[in-house]
Amino acid sequence: MAFVFFGYFAVVSIVAGILTVALKNPVQCGLALLALLLHVSGLFVMLNAEFLWAVQVIVYAGAILVLYLFVLMLLNLKTDDRYFHAKTPYLLAPAAIGLIYLLFLLVRSPFSGAKGDASTGAILLDGDAHAIGIKMFSEYLLQFEIIGVFLTGAIVGAIVLAKTPKSIETRRDA
Amino acid sequence: MIPLSAYVAVSAVLFATGLLGVLIRRNFIIVLMSVEIMLNAATINLVAFSHYLESMQGQIVALFIIAIAAGEAAIGLAIIIVVFRGKISTNVDEMNLLKW
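The listed protein sequences correspond, in order, to chains L and E.
Last residue of the first sequence? That's 157 in our numbering, and every number before it is there in order.
Last residue of the second sequence? That's 342 in our numbering, and every number before it is there in order.
Check before you lean on any hint, since a few could be wrong.
Stated by the list, open to error - Dumping the calculated DSBU-like pairs for lysine-lysine here, alpha-carbon to alpha-carbon at most 30 Å:
1) K341/E x K7/L
2) K70/L x K341/E
3) K70/L x K98/L
4) K70/L x K7/L
5) K118/L x K341/E
As the list claims (entries may be wrong) - Residues from chain L shown here face chain E by an in silico Cβ test under 8 Å; the list is partial:
6) Y(-9)
7) V10
8) C12
9) L20
10) G25
11) L26
12) Q39
13) H68
14) L74
15) P77
16) I138
17) V139
What the hints contain is simulated information worked out from the structure, not anything from laboratory work.
Glycine residues also receive a C-beta, built at the ideal position from the N, C-alpha and C atoms.
Full structure from sequences and hints, please.
Structural data, given as structure tokens:
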């Protein structure tokens, strides 16, 4: 059963990713990106990361994608004829060959390493959000604060960038 | 039990798709969307390794990646609005004001 779900989520997310890159209309690209984000969140559920699933659906599909669609609708872009780079046909074949070689190497390589203390049973005892919270607010507190400062700076920067600049005459009066 | 390399393979394909999108698309908004695809591929990798190596660190870093993606989207879209207001299109080939 797990294989069926994994196959579904994997295939649909890859197809949605290709559609995001290949579709002509930017709004359709945004909707394909939405499908990709939701199916990637399904992969998170299969990996016992329920908290990340919720964050992915709320933050990515709920906030970031709406921001993208909002700007797309605001700018009302016309689809122009040359929406791909002029040298695209020459890029595709090397990209496909490189990807196949990379996949060949990845599938063959043995991934292993020292196991940590958060086994599946230990996480399921109190839930994924509990485990992340304990770890986040003990070992990763400084990084958490840095992310908070970063997000504040990003929001202030976005507002300053998008504000309508005053004309020079009114600025001299002030 | 699904092998770890299956998740890594899905992540690699998604990352390659996003990279190709950044390289070949000419619309700045689609380029930003392709960057989101690449960030998602990295997140899948982190969560998969976090699950199979039984450690919580991967999920923490995945959360940080989502936060950084939110900041990147806000700044990128603000830049698009500023550029578009200056009567330049969102085609990345025509955004060359700072080109030396």
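Hints, verified against the model:
Restraint check for K341/E and K7/L: the C-alpha separation of about 28 Å stays at or below 30 Å, so the hint holds. About 21 Å separates the Cα atoms of K70/L and K341/E, which keeps this hinted pair within 30 Å; it holds. Between the alpha carbons of K70/L and K98/L the distance comes to roughly 46 Å, so the proposed pair goes past 30 Å and is violated. Of the pairs offered as hints, the one joining K70/L and K7/L holds, with about 17 Å between alpha carbons and a cut-off of 30 Å not exceeded.
With a CA separation close to 45 Å, the supplied pair K118/L and K341/E exceeds the 30 Å bound. Interface hint status for Y(-9)/L: violated, as the beta-carbon distance to the closest one in chain E is roughly 12 Å, over 8 Å. The interface hint given for V10/L is broken, as the beta carbon of that residue sits about 10 Å from the closest beta carbon of chain E, more than 8 Å. Interface hint at C12/L: satisfied, since its Cβ lies 6 Å from the closest Cβ of chain E, which is below the 8 Å cut-off.
Hint status for L20/L: holds, given a least beta-carbon distance of 7 Å to chain E, under 8 Å. Restraint check, G25/L versus chain E: the minimum CB separation of about 11 Å is more than 8 Å; hint violated. Annotation: L26/L was flagged as interfacial toward chain E, and the flag holds, the nearest CB pair being 6 Å apart, inside 8 Å. Because the closest C-beta pair between Q39/L and chain E is about 7 Å apart, less than 8 Å, the hint holds.
Hint status for H68/L: holds, given a least beta-carbon distance of 5 Å to chain E, under 8 Å. Below 8 Å, beta-carbon pairs count as interface contacts, and L74/L has one with chain E at about 6 Å; its hint therefore holds. With a cut of 8 Å, the hint placing P77/L at the interface with chain E is violated, because the nearest CB-to-CB distance is about 10 Å. The closest approach between the C-beta of I138/L and any C-beta of chain E is roughly 6 Å, which is under the 8 Å cut-off, so the hint is satisfied.
The criterion of a C-beta within 8 Å of any C-beta in chain E is not met by V139/L, whose closest approach is roughly 10 Å, and the hint is violated.
Checked against the numbered hints given earlier, this structure breaks hints 3, 5, 6, 7, 10, 15 and 17; the rest are met.
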